[in-house]
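S.K.: Sequence:
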Amino acid sequence: MNNAEFNQRLSINQVALESFAFKFTKDYEDAHDLVQDTMLKAIRYSDRFREGTNFRGWLYTIMKNTFINSYRRTVKTRSILSIHEEIPVTQLKRSAVGNAGENKFVMEDISSAMNKLQPEYLTPFLKYFEGFKYHEIADMLQIPIGTVKTRIHVARGILKKNLKMYNKEFSVYN
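Counting from 51, one number per residue, gives the positions in the sequence shown under the working numbering.
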C-alpha cells in the first residue's frame with residue numbers, strides 16, 4: 051500500500067476513531083487529542099501494517115495502547131505528586147529559600163548525566179520513565195526483555211554515579 055492509499059484509509063476511519071476514543075476518555079477534547087496521537091503513530095509506524103489484516107482493528111489497537119500508556123503516565127505522575135504532598139518541614143524550608151538558578155543548575159546536571167548515556171541505554175531508560183512496561187519496550191526496540199532490563203539497570207547506575215553529588219542532599223529528606 052502506498053502513502054496516498056494509507057492516508058486515504060486513515061482519513062476514512064477518522065470518524066470511527068473519534069467515536070472509539072470518546073468511549074475511553076468521556077471528553078470530546080481528550081478524545082480528539084487521542085485520535086490525533088493515534089493517527090500520528092499510525093503514520094509513523096505505517097511500515098508495520100501488514101496488508102490483508104484489519105486496518106481499523108490495527109488503528110484501534112494503536113489507540114488502546116496509546117490511551118493505556120497515557121493513563122499509566124498520569125497515574126505515575128499522580129503518585130509522585132502524592133509523595134511530595136507529604137514533604138517534611140525541613141525540605142519545605144529548603145525549597146522556600148532555594149531559587150530558580152539553583153534549580154537550573156540541577157536540571158543542567160541531570161541533562162548532562164543523561165547525555166553521557168549511550169543511546170542503547172538511554173532509549174530503554176526514557177521509555178521506562180515514560181511509563182512503558184519492559185515487554186512493551188522490548189517489542190518497540192525489537193530486543194529481548196532481559197536486555198531491556200539490563201540496559202535500564204545500567205542506565206540507572208550510570209545516572210546514580212554521575213549525580214552522586216546530590217545523594218547526601220536528598221537522603222536527608224527521605
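What the hints contain is simulated information worked out from the structure, not anything from laboratory work.
Some hints could be false.
Cβ-Cβ distance ranges computed for the label pairs, FRET-style [unchecked claim]:
#1 Gln-168 with Met-215: 17 to 23 Å
#2 Asn-115 with Lys-214: 21 to 27 Å
#3 Ile-118 with Gln-58: 24 to 30 Å
#4 Ala-66 with Lys-199: 34 to 40 Å
#5 Met-215 with Lys-114: 40 to 46 Å
#6 Asp-83 with Glu-170: 30 to 36 Å
#7 Thr-103 with Lys-199: 44 to 50 Å
#8 Pro-194 with Arg-100: 35 to 41 Å
#9 Phe-72 with Leu-213: 39 to 45 Å
#10 Thr-197 with Trp-108: 22 to 28 Å
#11 Ile-160 with His-82: 32 to 38 Å
#12 Thr-103 with Ser-61: 17 to 23 Å
#13 Asp-80 with Asn-165: 32 to 38 Å
#14 Gly-107 with Leu-213: 40 to 46 Å
Derived lysine to aspartate or glutamate pairs resembling EDC-like cross-links, with alpha carbons at most 16 Å apart [claimed, not checked]:
#15 Lys-91 with Glu-158
#16 Lys-114 with Asp-83
#17 Lys-114 with Asp-87
#18 Lys-166 with Glu-180
#19 Lys-114 with Asp-159
#20 Lys-199 with Glu-186
#21 Lys-73 with Asp-83
#22 Lys-214 with Glu-180
#23 Lys-177 with Asp-189
#24 Lys-166 with Glu-101
#25 Lys-199 with Glu-158
#26 Lys-114 with Glu-158
#27 Lys-114 with Glu-68
#28 Lys-210 with Asp-159
#29 Lys-214 with Glu-170
#30 Lys-114 with Glu-101
From the three backbone atoms N, C-alpha and C, an ideal C-beta is built for every residue, glycine too.
S.K.: Hint by hint, say whether it matches the structure.
M.R.: Hints versus structure:
1. With their beta carbons about 22 Å apart, Gln-168 and Met-215 fall inside the hinted range of 17 to 23 Å.
2. For the hinted restraint 21 to 27 Å between Asn-115 and Lys-214, the CB-CB distance of approximately 37 Å leaves it violated.
3. For the hinted restraint 24 to 30 Å between Ile-118 and Gln-58, the CB-CB distance of approximately 28 Å keeps it satisfied.
4. For the pair Ala-66 and Lys-199, the supplied restraint of 34 to 40 Å holds, since their beta-carbon distance comes to about 38 Å.
5. Look at Met-215 against Lys-114: about 43 Å separates their beta carbons, and that is inside 40 to 46 Å.
6. Take Asp-83 and Glu-170: their Cβ atoms lie about 32 Å apart, and the range 30 to 36 Å holds.
7. Evaluation of the 44 to 50 Å hint for Thr-103 and Lys-199 yields a failure: the beta carbon distance comes to about 31 Å.
8. Against the hinted window of 35 to 41 Å, the Cβ-Cβ separation of Pro-194 and Arg-100 comes to about 23 Å, which falls outside the hint.
9. As the Cβ distance of Phe-72 to Leu-213 is approximately 43 Å, the hint placing it in 39 to 45 Å holds.
10. Between Thr-197 and Trp-108 the C-beta distance comes to about 27 Å, which sits within the given range of 22 to 28 Å.
11. The given range of 32 to 38 Å is respected by Ile-160 and His-82, whose C-beta atoms sit roughly 33 Å from each other.
12. At about 19 Å, the CB distance of Thr-103 to Ser-61 agrees with the hint of 17 to 23 Å.
13. For the pair Asp-80 and Asn-165, the supplied restraint of 32 to 38 Å holds, since their beta-carbon distance comes to about 34 Å.
14. About 44 Å separates the C-beta atoms of Gly-107 and Leu-213, a value consistent with the hinted range of 40 to 46 Å.
15. Distance check on the hinted pair: Lys-91 and Glu-158 sit about 31 Å apart at the alpha-carbon level, beyond 16 Å; violated.
16. Between Lys-114 and Asp-83, the direct Cα distance comes to roughly 13 Å. Compliance with the 16 Å bound is thereby established for this hinted pair.
17. Between Lys-114 and Asp-87, the direct Cα distance comes to roughly 11 Å. Compliance with the 16 Å bound is thereby established for this hinted pair.
18. In summary, the hint linking Lys-166 to Glu-180 is not supported, as the alpha carbons are separated by about 19 Å, beyond the 16 Å threshold.
19. Of the supplied pair hints, the one linking Lys-114 and Asp-159 is violated, its CA atoms being roughly 36 Å apart against a limit of 16 Å.
20. Between Lys-199 and Glu-186, the direct Cα distance comes to roughly 12 Å. Compliance with the 16 Å bound is thereby established for this hinted pair.
21. With a C-alpha separation of about 13 Å, the suggested pairing of Lys-73 with Asp-83 holds against the 16 Å cut-off.
22. Restraint check for Lys-214 and Glu-180: the C-alpha separation of about 23 Å exceeds 16 Å, so the hint is violated.
23. For the given pair, Lys-177 sits about 12 Å from Asp-189 by alpha-carbon distance, which is consistent with the 16 Å threshold.
24. Annotation: proposed proximity of Lys-166 to Glu-101 is violated, straight-line Cα distance about 41 Å (limit 16 Å).
25. For the proposed pair Lys-199 and Glu-158, the alpha carbon gap of about 27 Å is over 16 Å, so the pair is violated.
26. Annotation: proposed proximity of Lys-114 to Glu-158 is violated, straight-line Cα distance about 36 Å (limit 16 Å).
27. Annotation: proposed proximity of Lys-114 to Glu-68 holds, straight-line Cα distance about 12 Å (limit 16 Å).
28. Between the alpha carbons of Lys-210 and Asp-159 the distance comes to roughly 12 Å, so the proposed pair stays at or under 16 Å and holds.
29. Only pairs whose Cα atoms come within 16 Å are accepted, and Lys-214 paired with Glu-170 is rejected, the gap being roughly 22 Å.
30. For the hint linking Lys-114 to Glu-101, the alpha-carbon distance of about 21 Å lies beyond 16 Å, and the restraint is violated.
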